[in-house]
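> Chains H and X supply the protein sequences, listed in that same order. The letter at position 255 of the first sequence is residue 255 when you use our numbering, and the numbering goes up by one with no holes. The letter at position 232 of the second sequence is residue 232 when you use our numbering, and the numbering goes up by one with no holes.
Mixed in with the good hints there might be a few duds.
Unchecked claim - EDC-like, lysine to aspartate or glutamate: derived pairs with alpha carbons at most 20 Å apart:
(1) Lys453(H) - Asp233(X)
(2) Lys433(H) - Asp252(X)
(3) Lys489(H) - Asp233(X)
(4) Lys345(H) - Asp444(H)
(5) Lys433(H) - Asp227(X)
(6) Lys42(X) - Asp87(H)
Just so you know, the hints here were simulated from the structure itself, not pulled from any lab data.
So the chains spell out like this:
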Amino acid sequence: MKKLSWILLTATLAAQAQVPAPVTTQTLTNAQQDPNSWLSYGKNYYGWRYSPLTQITAANVAQLAPAWILPTGVPGNNETTPLVYGDMMYLTGPSNNAWAVDLLTGKKVWSYSDYVPSGLGLCCGTVNRGFAMLGDRLFKVNIQSTLVSLEAKSGKVLWETTIDDYKKGYSNTAAPLIIKDMVVVGTAGAEWGIRGYIDAYDAATGKRRWRFYTVPTAGEAGIETWGGNSYKTGGGSTWITGTYDPELNLIYWGIGNPGPDMDGSVRKGDNLYTCAIVAIDADTGKLKWYFQMTPHDVHDWDAVADPVLVEAMVKGVKVKAVAQANRNGFYYLLDRTTGKFITAKAYTKVNWADGIGADGRPILIAGREPTPEGNMTCPGLGGGHNWSATAYSPKTGLYYFGATDGCQMFNVEKMEYVEGNQYQAGDAVAVPKEPTSGSVNAVDPSTGTLKWKHTLMSNPSGLLATAGGLVFTGDSDGYMMALDGLTGKVLWHYQTGAAIRSPAISYTFHGKQYIAMVSGQNLLAFKLP
Amino acid sequence: MAFPQWLKPVLALLAIAPGSCFAQALTNPFAGNAQAVADGSKIFAQSCAPCHGRDGTGGQGQAEGMRPPDLTRGVFKAGRQDSDLFRVVSQGVRGTEMPSFAALGNDQIWRVLTFVRSLSTVAPVLAGDPAAGETLFWGKGNCGSCHQVGTKGTRLGPDLTRGGRRSNVKSLRESIVDPNADITPGFAIITVETREHQKISGLERWLDNFSARLIDQSGNERTYLRDDVISIDREMRSTMPDNYGKMFSATDVDNLVAYIQKIRREANSQ
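Just chain X, with the same shape it has in the complex (with noise of 0.2 Å):
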């Protein structure tokens, strides 16, 4: 498509608007920076730890009320690219309460930009053999049966299609040693007792003042309503079995440690 030449100029400046229909995806001058990392750790903690906490993951706006989103994870929900976090940052996200800012500048942004991306950044596990994780994943350690990969697996317990909440070596592990030190919010325990003292135990959908929604043993999904039965407790406990750490060896954790911090680095990647 051809454009009248005066008009080139002004295309050329909605080509930089941020978020503008005409914008070009935007890249981060400062990817992999670790000065920026640095810079954009202090900013981070001044702008956004108010709501989104120190660490990103999601902090204090939850005792105010708010929904801040995990910033951990290197899954955003205004997309992936660097110009889709741009927008989101130099102009908030209407009808949350992520306000502009633009205030900080170009430069600020961006080096904040460099900071979030780090918190999802996988390092390497120089001990373990993603192969040799994978096999195990879906062979011996019977993962699939819970978790979800790609088209893979069953979606009974977190899907790890993108790798998962945590993406740190530590948590990886604790993960899979110890599943009930911090469970992935909604991946409780429900325990229904009926009118006729039936007590129905299954996998938390949802729970709230007037109803619950669970998956049983069977896999079967079931509604209640507090009403119609005689109690509805949440246990904060894992479904995941919490005998991995002495079924697998330090080996096979680091192996399947590895294997999914592949399966995040290559959904990053895309």
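Extracted from the complex, chain H is given alone in its bound form (with noise of 0.2 Å):
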């Protein structure tokens, strides 16, 4: 009888074994140890990209082709990272939709959906960029400012927190970041005049921990930085989800533009913590260090591109560091120990400064704000690199992100806070027969060297590096495409059918390397023959 109870636990616990294990604060730290799963919105804590995987490859990738496809019957602009665990795939949409994927079919598994109120105040679209995963439960925000809670295996909703009102400008769109048992999120809305922040929130029961404002209070360190009263109403807002170094302790956030975007008449000064790279102690929720990339912005520049974790060189000793593409045009590296500035280097066309100092202060040309009758500035008002997701393969040791290169006119005008009202004070238009171009680019994060653009008609999607040697990326036409990572030679591209705004991702199914990435409403999973 007793044999016969050990065979019987033994064939549940083989069943069982089907059912990954739940999700431990080690599981994300060794994120990068597990090339089969895609557990975070940068695949590592770091904010890598990269997947380990090698199958698919240069020499093959020309014969990469779609395994399944699954339209979600969710249409509008989809930016979501999926992700995957165990023999299921969690996928976020537009307009609070989400779902759970068979890897096998490419057939939805379950469905959640939540209704999205009139008075929101959104520049970009309903859009979400994915899931954070802890445990047995899945977390998203909603864009009317809510973190919710869901049960892995059917979908069900297991709390709900309000972030904020929204019908004050405030709205989420990031993915939230897993660190120990706390969901972080950041939020969206500079320009309705929001006050941003970094909030952390208990996993378990949705009650906020921690909340670290991105633009400082009376009374507080900072506010020396913003004429009069003018930090009332201060932006920095915290829309790409940020990244984690759990030897430090620090979570790296990109801080966005302040409010209101174009009029710097109204808030004099450098404006602490926007457009800036801001470090926070993971438990307590406070400032380590800052490094602001561009004091007092009015070009609407935010800082929130992945802060990539990298080990750099710096004259022949090595560097814990963070590098970003910035919106103003520049690539930046920091010490992320101390916040110092390393290097900085311009990676496309730029004519507001003449390069940074070594202050980490830009070197600003005069004249180049905007007017009432639109001035001409380079990068545009979306950078530069935007937001789109950047990646870092330590294989080519090479950093690569996506841009716009080219100039817009920037307008500005004279407006009153209202709240619950948009807050911009003027806007960017295309300057008169000077179309831009796109390009995905490559450049040396330990000194800022680029070491390979490929142009585009416009920028692209985000990024995604392999082991196998490539960087996957999408175009507003549809085209999903492979590049070569060491020289960017386009290798495979495939026409998708509608525009793709996300990056795809990599992962193994019954030993079989996939691509999966959304385009349109559809999500794409692709293997070799």
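Work from the hints to combine the two standalone chains into their complex.
Set out below in structure tokens:
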């Protein structure tokens, strides 16, 4: 009988072995050692978006073909990074939708949907950039500034927390970041005169643990960088997911533009901590250091792009560093322990600064501020590199990012702040007869030296780097493509039929490497024959 | 069709519910009201300009990867009736970045729509004679060899059936005497160099990262793959001759402008 019990127990365990173990902090910390899964927005805590899988290579990528296509049925820009764990993919979509997908067939296992209220202040649609996962739970933000926890196996809502009041211009689009037992989220809304922050919530209950305001208030350090009461509508949104160094226990997060965007005359000073990267203690939410790329920004040059954690060689010494292709047209490398500036280099046409000084501040060229008539400035409002996912390959040693190359006419106008109303005070339009182009760029992260640039018609979607020596991306005409990571040469492309706004991911299923990406309202998974 | 007495209040409500399948054609209570245009422009600056641009032509939304339509053309995908525009603003457009602005309330929505309508309202050209312009357009000017108006003409250049992309006098004059100043998207010149070193230029139908399609000087359309040719380049130059400012007198230009505005005015009234 004892033997029979043992056999039964073993059989039960064998059956359960199909179900992956709950995701732990350790699982996330070691995510790079798990080539089969994709467990967080940036693949690993460092934000590398680098798959160690090697089945798909420069030699065979030309044979890559769709394994299955899932029409989600939800239109709109889809900017998500899907997660993969076990035999499931977890995918968010626009307008508060999400799905679990069976990796064998590409069919939906469950769907989640929530109502999108009227009265939202949105610059760029009801987009969402993905789930986070911990234990057997998923976490996502909803556009009306809520955070929701779902049971991974069923999609059942476990709790939902209100982050802020959407009627005041707050909204949420970024994938959360799991740190220990917390769910860390950022907010959008700097064009609506919000006061930005980074929040941490208890993963079990949804109760808020800490909040770091990206704009100081009276009596706090940094308030001297805001003229008068301008800090009250100072913006500083945090709409792209940050990264994390478990050894230093520091969270790195990029901060968006000050408000109002184009009229700097009503907010004299550097306007900390807008257009900066901040390092925050993960346990307390307290500021450890900051580095501001664009003091007193008037061009909407958010510093929200992925702060990618790399080991750089600086004067022959290895340095724990953080790299970012900033929207202002310069690539930056900082010491991530101290926040000290290491180097910066322009990666696109820049006409507002004559380089970056030894102190890390831009050497400004006078007369580049927006004017009522319009003033041409390069890069344009979207950058440079905007928000789309970047990648780092430890194999090639290169940091990859997409960019828009060109200029725009920046206008400014006077605007009174009214709670809940747009508070931008200007905009940017195309320069007549000067079309912009796009590019995929590869730089040496230690020096910022451009290794290659592949020019495209417009800026590409986010990137994925693989140990097969490839970089995957997509474009607004619906082409998915693979570039040689060492040369930038396009080795494969596939017309998916709809604009691509999201980055690709890679995983294995039944021993095969897959590349998955969202195009329009369809999710596509590719593999070799 | 007769409805029961008890259903009539319900139907009355449905009839005014925007977007309802029972909805009647709503009309703008502020149509043409100058104060509503002024009020609407302020609402537009707050709520619409972030995507559509301050002038309504598209603006920064394009820089954010969106496709905000040009609202100054008087041509709307959602339809031309006031009720169509009201539905778009109050409910948003599913599958696009256009959200619902129901929170503005009906009064504010109508005011902003009054402003949007004003963007494509044709101001009279006192100096121009539309009849003379029409004669010139189809006669000596030979404009119909490239432009189409309804069933007449050729569609090598922008279709003018609804009066073209711009409605104001300054832009229309500019498009005649200086066509390179503001090229209508999709009407640049594409030049393909084949592997046999033959250069083929033509009007752009499309150009993307892997292919191009053009209309050559004989009117033939062809698609080229970048992999199959040496180069494909786009030149931001209009195929429209740039010497009409010398060929035509100032009166001729005014007459052409008046004719194109008349086309728009008639199209808007349909």
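> Determine for every hint whether it applies to the structure shown.
Against the structure, the hints come out as follows:
Taken as a hint, the lysine 453(H) and aspartate 233(X) pair is honoured in the structure, with Cα atoms around 18 Å apart against an allowance of 20 Å. For the suggested pair lysine 433(H) and aspartate 252(X), the alpha carbons sit about 27 Å apart, so the restraint of at most 20 Å is broken. Taking the CA atoms of lysine 489(H) and aspartate 233(X), the gap is near 19 Å; set against the 20 Å cutoff, the hint holds. Distance check on the hinted pair: lysine 345(H) and aspartate 444(H) sit about 11 Å apart at the alpha-carbon level, within 20 Å; holds.
Taking the CA atoms of lysine 433(H) and aspartate 227(X), the gap is near 27 Å; set against the 20 Å cutoff, the hint is violated. About 53 Å separates the Cα atoms of lysine 42(X) and aspartate 87(H), which puts this hinted pair outside 20 Å; it is violated.
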